[in-house]
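Novice: Spelled out from the first residue to the last, the chains are:
Number of protein chains: 2
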Amino acid sequence: MVKVAIVGYGQTKFSKEDSKIESVLLKSTKDLFDSTSNLHQKDIDAVLVSTNNNSKYLSAVLSEMSGIQPKISHSIESLCNSGTNSVVAAYSYIVSGLAELVLISGAERYDSPGQILEWDNLRGEFKHPIFWASIFSKAYKRKYEVGEEDLALVSVKNHRQSKNNPHALSHKSVSIEDVLNSKKLTDDLRLLDCSQPCTGGASVLLASEEICKKFTDDPIWITGIGQKTTSASFTKNPAFDNMGSTKQAGLNAFQMSKHTPLEIDVMEIHDAFSVCEPMALESMGFANQGKGLEIVNEAYASENSKINPRGGLIGSGHPLGATGISQTIEIVQQLQSNAGKRQVDNANIGLVHNMSAAATSSTVLILEK
Amino acid sequence: MVKVAIVGYGQTKFSKEDSKIESVLLKSTKDLFDSTSNLHQKDIDAVLVSTNNNSKYLSAVLSEMSGIQPKISHSIESLCNSGTNSVVAAYSYIVSGLAELVLISGAERYDSPGQILEWDNLRGEFKHPIFWASIFSKAYKRKYEVGEEDLALVSVKNHRQSKNNPHALSHKSVSIEDVLNSKKLTDDLRLLDCSQPCTGGASVLLASEEICKKFTDDPIWITGIGQKTTSASFTKNPAFDNMGSTKQAGLNAFQMSKHTPLEIDVMEIHDAFSVCEPMALESMGFANQGKGLEIVNEAYASENSKINPRGGLIGSGHPLGATGISQTIEIVQQLQSNAGKRQVDNANIGLVHNMSAAATSSTVLILEK
Chain A
244 MVKVAIVGYG
254 QTKFSKEDSK
264 IESVLLKSTK
274 DLFDSTSNLH
284 QKDIDAVLVS
294 TNNNSKYLSA
304 VLSEMSGIQP
314 KISHSIESLC
324 NSGTNSVVAA
334 YSYIVSGLAE
344 LVLISGAERY
354 DSPGQILEWD
364 NLRGEFKHPI
374 FWASIFSKAY
384 KRKYEVGEED
394 LALVSVKNHR
404 QSKNNPHALS
414 HKSVSIEDVL
424 NSKKLTDDLR
434 LLDCSQPCTG
444 GASVLLASEE
454 ICKKFTDDPI
464 WITGIGQKTT
474 SASFTKNPAF
484 DNMGSTKQAG
494 LNAFQMSKHT
504 PLEIDVMEIH
514 DAFSVCEPMA
524 LESMGFANQG
534 KGLEIVNEAY
544 ASENSKINPR
554 GGLIGSGHPL
564 GATGISQTIE
574 IVQQLQSNAG
584 KRQVDNANIG
594 LVHNMSAAAT
604 SSTVLILEK
Chain B
244 MVKVAIVGYG
254 QTKFSKEDSK
264 IESVLLKSTK
274 DLFDSTSNLH
284 QKDIDAVLVS
294 TNNNSKYLSA
304 VLSEMSGIQP
314 KISHSIESLC
324 NSGTNSVVAA
334 YSYIVSGLAE
344 LVLISGAERY
354 DSPGQILEWD
364 NLRGEFKHPI
374 FWASIFSKAY
384 KRKYEVGEED
394 LALVSVKNHR
404 QSKNNPHALS
414 HKSVSIEDVL
424 NSKKLTDDLR
434 LLDCSQPCTG
444 GASVLLASEE
454 ICKKFTDDPI
464 WITGIGQKTT
474 SASFTKNPAF
484 DNMGSTKQAG
494 LNAFQMSKHT
504 PLEIDVMEIH
514 DAFSVCEPMA
524 LESMGFANQG
534 KGLEIVNEAY
544 ASENSKINPR
554 GGLIGSGHPL
564 GATGISQTIE
574 IVQQLQSNAG
584 KRQVDNANIG
594 LVHNMSAAAT
604 SSTVLILEK
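Chains as they are written, first to last, in this note's numbering: chain A, 244 to 612; chain B, 244 to 612.
These are computed hints drawn from the structure, not numbers from a lab. One should not assume that every hint holds.
Pairs count within a copy or across copies, as identical chains cannot be separated in the list.
Listed below are the simulated DSS-like cross-link pairs for lysine-lysine, each with C-alpha atoms no more than 25 Å apart in a straight line [unchecked claim]:
| id | residue 1 | residue 2 |
| --- | --- | --- |
| 1 | K457 | K273 |
| 2 | K549 | K415 |
| 3 | K273 | K427 |
| 4 | K456 | K386 |
| 5 | K479 | K285 |
| 6 | K259 | K273 |
| 7 | K479 | K270 |
| 8 | K456 | K406 |
| 9 | K427 | K270 |
| 10 | K406 | K584 |
| 11 | K370 | K381 |
| 12 | K246 | K384 |
| 13 | K549 | K456 |
| 14 | K479 | K273 |
| 15 | K273 | K285 |
| 16 | K479 | K263 |
| 17 | K612 | K549 |
| 18 | K427 | K386 |
Quantities reported herein were computed from a predicted structural model and do not represent experimental measurements.
Make a model of the complete structure from these sequences and hints.
Specialist: Spelled out as structure tokens, the structure:
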């Protein structure tokens, strides 16, 4: 079977800028071209755009702006895990032989229409993510006797990490007290428990084994893929204290890669809200149920956290369509020993966890040197 | 290599109904389930939604409504050829081994935001498709000394065919005079030269060779795929009297399938406007430049046209995200000798041509018994 590697990447700074979506797409694509050896437009077989933006035909628009005339060209949307869905689609185009070299560009604006799931109005007025996050937090705190201050550590750790991420939205230090004193949004959620919508772009270049060495001496291989959608609405979840789609996606990704959670050296976890980090870690088998905060604490105690080293969504910001791609880039940089002040020791195998809408769908990717 | 077949399909009637996009998706999916043997929700690995609708997370919404919990689930958008892009993505997921059974559902509402390409404002005010279609018509008529009445035959033929398509928007007879007397939209385009936006849905089920016989005795194989995007804006086309992306996509599809235009027994051509039919036929090698109308005339002379037997976009209506899938279903029905009054004789090899935005991108598929 054809092996697929990530051979290049580009990013914009995440911000609250009022930029056109086309400009955001172009900016990270240009950064990718500038930093990738021997990359010529004519060699790109497919251009995929990951976004929740309402503009149409963006992959053709980006292609034209970038001087690319691809075979395959379309947008992909699945709310907050559009980015990793695009990585899997690109992987698939390469393995199936329809493409050898695929550019993926993810972009979002701070005012993305993907922040609210209108369809969830059908279940009452719980269409904004803070409602499911609040219910998750309440259920998790009750069941596992966890306090608000325990969950706050996720935000403290991830803000500490994002200070070393030049592309992050936040470069502020945040203390437990800051989190606990931040604006109360619901009974169980404060402002600093939440990732922030923002404007940002992230692009990656995927290549087949046959051509990957042309672009980098250090290709990073996609060795595990797991995906699962359990429903579209959080009210269909059987429980509010675990993530069924993440569990299944994790099992499939580990099975495909022939690795176990113990072998993962560095990971990006979709911490849309503080409670998501321990819940996701538990669902993927990194900790027993209710014990996820123990490894968050361990990660906090080390100089560089192997959990969300770039600062997670809470520290980096959450430009929906770009998030999964930005997470993937972080793991690529870590495995290439190219993560600067965020570098985790002995990073050989990494994991990306990216999900949508109350973990009703999840993607887990395993990447290796 | 894994072979991929189309093993089931479902459709809605195309109409001007003010239906919710979720209802349209569900309706053709239900029709597919009702007409496909041995299909169980649990066996579906991927659900792809093809649409230009602004609603998010529609593949998860459709999955939940249909009782499916897929691994892979996302929307695909590329304006008017979103449908065939989704077919190619599904093909790729199966060949790459990530899926064995993929459901694709395309849907659009009559008021789709994909009807206007806002980005084309940058090139002046030519953001509505009638402007490029008008320029194409003027260029084609001038260069090949073709009259308005010659192009009108495309509309007459396709309206005749759509009378035998129970799902078509139009069941009216239309004469050359009707076309020439219909409302003048621009110097070179009348209302009956145009396909009409409408509400409609179309779904197909794709399976690997290994499992396809479970669902049908008559699988239809995807043997050729060609895709090309040349730009996002028609003003970047070097000429206005041919379709570069269609030409390239056609060459690639024929090469992959090891067939030639002479071997194609039945075809769906993206006649968004009357001039598109001869131009596309020429670009794919079915006729010499400027001679496309000769084979349109031949097709008209036969009882059932092998060019756009379901009535094309002009007769059937054009629900953007559903169109490429509906075209694919027509070819499947023809190759299965299941096309009722529209049945073309000796249909063994068929072709689908689906394009976007002034033929700035095209997909060509070749299907075989």
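Novice: Of the hints stated earlier, which fail here?
Specialist: Of the numbered hints, 3, 4, 8, 9, 12 and 13 do not hold.
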